[in-house]
Each structure stands twice: as C-alpha cells, then as structure tokens.
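Visitor: Here are the chains, one letter per residue:
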Amino acid sequence: MGIHEAGTCAAGAFENPRSFYSSYSTRMPVLGNDILQSWIERVRKLGVQNLWLTSDSRSGGVARSALGELARQGIERLLVIKLKSYAEMDLTDLLRFHCERHNPVTEAQDSRGQLGVSLLDRRALRDGNEAHESSAVACGQIPYQFRGYAKRILSARERQELVGDALTEGCAMRPAGTQIRDKVWVGEGVKLADTVRLAGPTYIGARTIVRAGATIGPFASVESDCVVDCGTTVERSTVLPHTYLAPGLLIRHGLVDGGQMEDLTWGTVADLEPAGLGSRIQRRESRRPTLRPAPRETVPNAFSGADGSVVWDFAASSAASKPWLQVRL
Amino acid sequence: MNAMNTVARTILPFPCASNSGRRRSLRKGLLAALRVSSSPVIVDVSGCCSLNQEDIDLLLDCVAQAAGRDTQVFFVAGSLANRVLLEVTRISSVAQVFNSVTEALAYPHMSAENDAKAQTANESQERWGA
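If you're matching them up, the sequences are chains W and G in order.
Counting from 5, one number per residue, gives the positions in the first sequence under the working numbering.
Counting from 156, one number per residue, gives the positions in the second sequence under the working numbering.
Just so you know, the hints here were simulated from the structure itself, not pulled from any lab data.
Since the structure is predicted, the reported quantities are computational estimates derived from the model, not experimental observations.
A virtual CB, placed ideally from N, CA and C, is assigned to each residue, including glycine.
No incorrect hints appear here.
Now the in silico label distances, taken between C-beta atoms and shown as ranges: (1) W:Gly72 / G:Glu258: 54 to 64 angstroms; (2) G:Gln208 / W:Asp169: 33 to 43 angstroms; (3) W:Gly280 / G:Arg179: 17 to 27 angstroms; (4) W:Ser159 / G:Ser175: 38 to 48 angstroms; (5) W:Gly280 / G:Arg190: 17 to 27 angstroms; (6) G:Cys204 / W:Ile184: 38 to 48 angstroms; (7) G:Arg179 / W:Thr172: 47 to 57 angstroms; (8) G:Gln251 / W:Thr272: 16 to 26 angstroms; (9) G:Val191 / W:Thr172: 49 to 59 angstroms; (10) W:Gln41 / G:Gln227: 47 to 57 angstroms; (11) W:Glu73 / G:Gln208: 47 to 57 angstroms.
Using the sequences and the hints given, assemble the complete structure.
Guide: Dropping the structure here:
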C-alpha cells in the first residue's frame with residue numbers, strides 16, 4: 005500500500021440510514037454529477053495517492069479496527085470524508101489548519117454543524133476511536149470552520165436545494181450536459197418530442213426520453229436513462245436515473261426513484277408502481293461488458309460508465325467481504 | 156344503488172375490496188350514486204391504505220362522472236400517501252381533496268348542511284360495508 009509522501013491518506017465512508025445500494029441520497033447523480041467523484045477530485049488536488057472507500061452503513065463511522073489497521077501500516081494522517089454533504093472545500097486549507105493546531109482530530113463544520121470531513125493524526129488512529137467526531141468536540145478541539153458553499157445531501161429536500169443552486173449558479177457545480185438554451189441543459193443522447201416544453205432552469209440527463217406534450221421545469225432535474233411519458237409535468241423535482249413516468253402526471257416538489265416518490269412538501273413517500281404511475285426501467289445488462297477499461301490501470305473495482313464517468317464497483321468489494329475498497333489516484 | 160341520500164350531501168366510501176366481483180359491484184354502485192346525486196358528493200378514500208391502477212381509474216371515472224353532471228365531488232384522502240397520488244394524477248386539480256371527512260364537512264361551501272352529515276356518513280358506511 006503506497007502512502008503519500010506527506011503521509012496523508014484519504015478514506016470515504018457513506019452515511020445513510022437506508023441500504024447502500026438502494027440509497028438514492030448519496031450515490032445517485034446530481035444533475036449528472038457524481039458527488040463521490042467531486043470529493044475524489046478534491047482529494048486528488050491534495051496530492052494524495054491512496055483512497056479507501058467503504059460503504060459501512062451502520063452509522064457512517066469508521067470502524068475502530070479499520071483505524072487501527074491503518075495506523076499499523078504507518079499512516080501519519082487520515083482524511084475521513086463521510087458522503088453526507090457536498091462542500092466546495094479547499095482540503096489544502098483544512099490540512100494547513102490541522103497541522104497548525106496540532107490537534108489529533110480536526111473536524112470541518114459550517115454554521116449548521118459537522119460536514120462529515122475530518123482529519124485524524126497518528127495519535128487518533130492509534131487510539132482507534134470510532135466516535136472521533138464527538139471525542140474531538142468533547143476534548144475542546146477547535147473545529148475547522150468552513151465558510152464556503154456546503155449542502156447536506158442526506159435528505160431529498162436538501163438534495164433538491166442543491167439542484168436548485170447548481171441550476172442557478174448558486175454553487176460551483178454545473179449540470180453535466182450541453183446548454184441548449186438559457187438555463188436549459190441536456191445530456192448526450194436525449195430525445196425530446198417536438199411538443200415538449202422546457203422551462204428553465206432545468207436539466208435532462210443522458211439518454212432520457214421525453215415524450216409529446218410533457219413539460220420539464222422549472223427547477224427540474226430528470227437524470228439519465230429516464231422516460232417521461234406524454235403530457236407529464238415535472239416541476240421543482242428530481243427524477244432519479246432509470247425511472248419511467250406514466251402519461252399525464254404532475255410531479256411537483258418531489259423526488260421520484262423508480263416506482264416511489266417522496267413528496268418534499270409533506271415528507272411522505274407514495275408508491276407509484278401499484279397505481280401504474282411510475283416504475284423502474286431495467287438496466288440493459290449488455291451495457292456493462294462493453295465498458296471501456298478503467299481510466300487508470302491501478303484503480304481496482306472501477307470501470308467507466310457509458311457516459312464516461314467512473315463507476316465504483318462496491319458490489320465486487322462487498323462480495324469479497326472486504327470492508328474497504330482501495331483506489332490509487 | 157340505494158346508498159343515496161337526498162339531503163344536501165352524500166358521503167360514499169371508496170371501494171377497496173380485494174375480491175374482483177365485489178369490487179366491480181361496488182364500483183358500479185359508486186358511479187351510479189354519483190350519477191343520480193343532486194348534492195355535493197364526498198368520496199372517502201381513507202379506507203384504502205394504498206391505491207392501485209384500478210383505484211386510480213375509478214377515481215378518474217368519479218371525476219368525469221361528476222364533471223359531466225356538474226356535480227361537486229370532493230375526495231377524502233385519509234393519508235398523505237393517498238394525497239400525493241391524488242396530486243400526481245391531477246385529480247386534486249379538478250376536485251377538492253381533504254385529509255379527513257371532518258375537514259371535508261367543514262369546507263365553507265358545504266357548511267350549511269352540516270347537520271345531516273353524520274347520519275349520511277353512517278348510513279353510507281353501513282351500506283357499502285355490507
């Protein structure tokens with residue numbers, strides 16, 4: 005296991021109350037962007053070469069044994085990122101703050117509290133304290149105050165706020181697609197019927213089909229590989245990938261994932277599938293074997309998606325009973 | 156269909172029977188009731204914990220039936236999940252939706268006939284549930 009010359013490594017953990025694979029809050033794209041990938045890019049800018057990913061769903065915490073194992077491998081510093089927020093954070097600044105304070109643990113937080121980003125020194129790793137966040141606070145250590153853009157992504161409502169901000173240039177994230185008119189972006193291979201109405205700001209992900217008379221927007225994000233049938237309106241809502249929406253519907257202030265919809269106003273989940281209003285579109289199995297090789301030969305368990313994005317194959321790691329997936333950046 | 160009440164308002168429970176024969180009969184009764192009613196009709200969906208495709212079709216038929224006769228129809232969703240489905244299908248765009256029968260009866264347009272409501276509701280419930 006290679007260790008960065010500065011002795012800093014990075015680890016990511018997913019915090020989600022639902023099953024990791026069925027989760028839509030953290031691993032699903034936001035306007036075609038992968039939140040994990042955005043964090044990886046920030047880590048890469050630090051010059052870090054080793055990254056471990058885990059889908060530990062117990063609490064999103066890093067297991068005591070895992071920390072101890074990393075300490076035994078001689079790691080001096082560990083950057084832990086729980087995938088519970090999107091934050092436009094300069095990790096170099098966090099590292100500088102951490103080194104200046106000589107804290108065993110430095111937690112990043114904003115005005116709303118912890119962001120799930122922390123730096124642990126060898127001391128903290130050796131202690132292997134699973135609840136390092138609370139212990140850092142308890143010990144009176146000064147947290148790193150982040151004043152830039154940050155948004156939690158664990159709830160559908162917050163996720164929709166991030167979508168709105170990204171569509172209106174309220175943050176640095178931009179829709180992954182081509183801008184075809186003012187505040188309207190579409191991904192590759194999108195099929196729009198002539199009578200479709202697009203009300204910006206709005207985004208339609210790659211390979212999505214929008215049929216006659218449908219209205220998308222404003223503040224709508226229909227992610228990749230969806231079908232929006234005739235006359236349906238999607239407004240101030242997100243439709244997650246591989247979702248079919250039946251004709252004539254009104255999706256407003258909601259998040260739709262296959263056959264389920266979470267209403268953002270009432271915070272309730274309705275089952276669309278038995279009512280014949282929405283369903284999951286089965287992924288085509290033939291797509292996966294035709295994928296290009298991983299962009300970096302040293303990245304295990306990763307492959308390129310059809311849209312060129314890197315897909316992390318946690319299933320392979322999980323099947324091998326490995327709690328961590330190591331990625332060389 | 157004899158679940159009708161000639162007083163100013165009728166409350167009709169929405170049929171949620173799993174037996175298809177019984178369901179057909181209840182469906183027929185509900186639509187017939189809507190057809191002959193000269194007063195506002197409250198269709199109470201709160202007995203259904205979930206709505207399937209047939210239920211949605213019937214709800215749309217209710218709206219169409221009422222619209223064709225210029226009858227006021229109101230729906231009682233009973234749950235937020237049902238309410239979401241009524242909104243998604245745009246039923247709530249053409250008919251008022253309430254969370255409970257009490258709320259529906261308190262709606263200003265119907266308040267004049269409130270004194271008859273409980274009796275109507277009870278009678279309807281008994282007949283539909285029979």
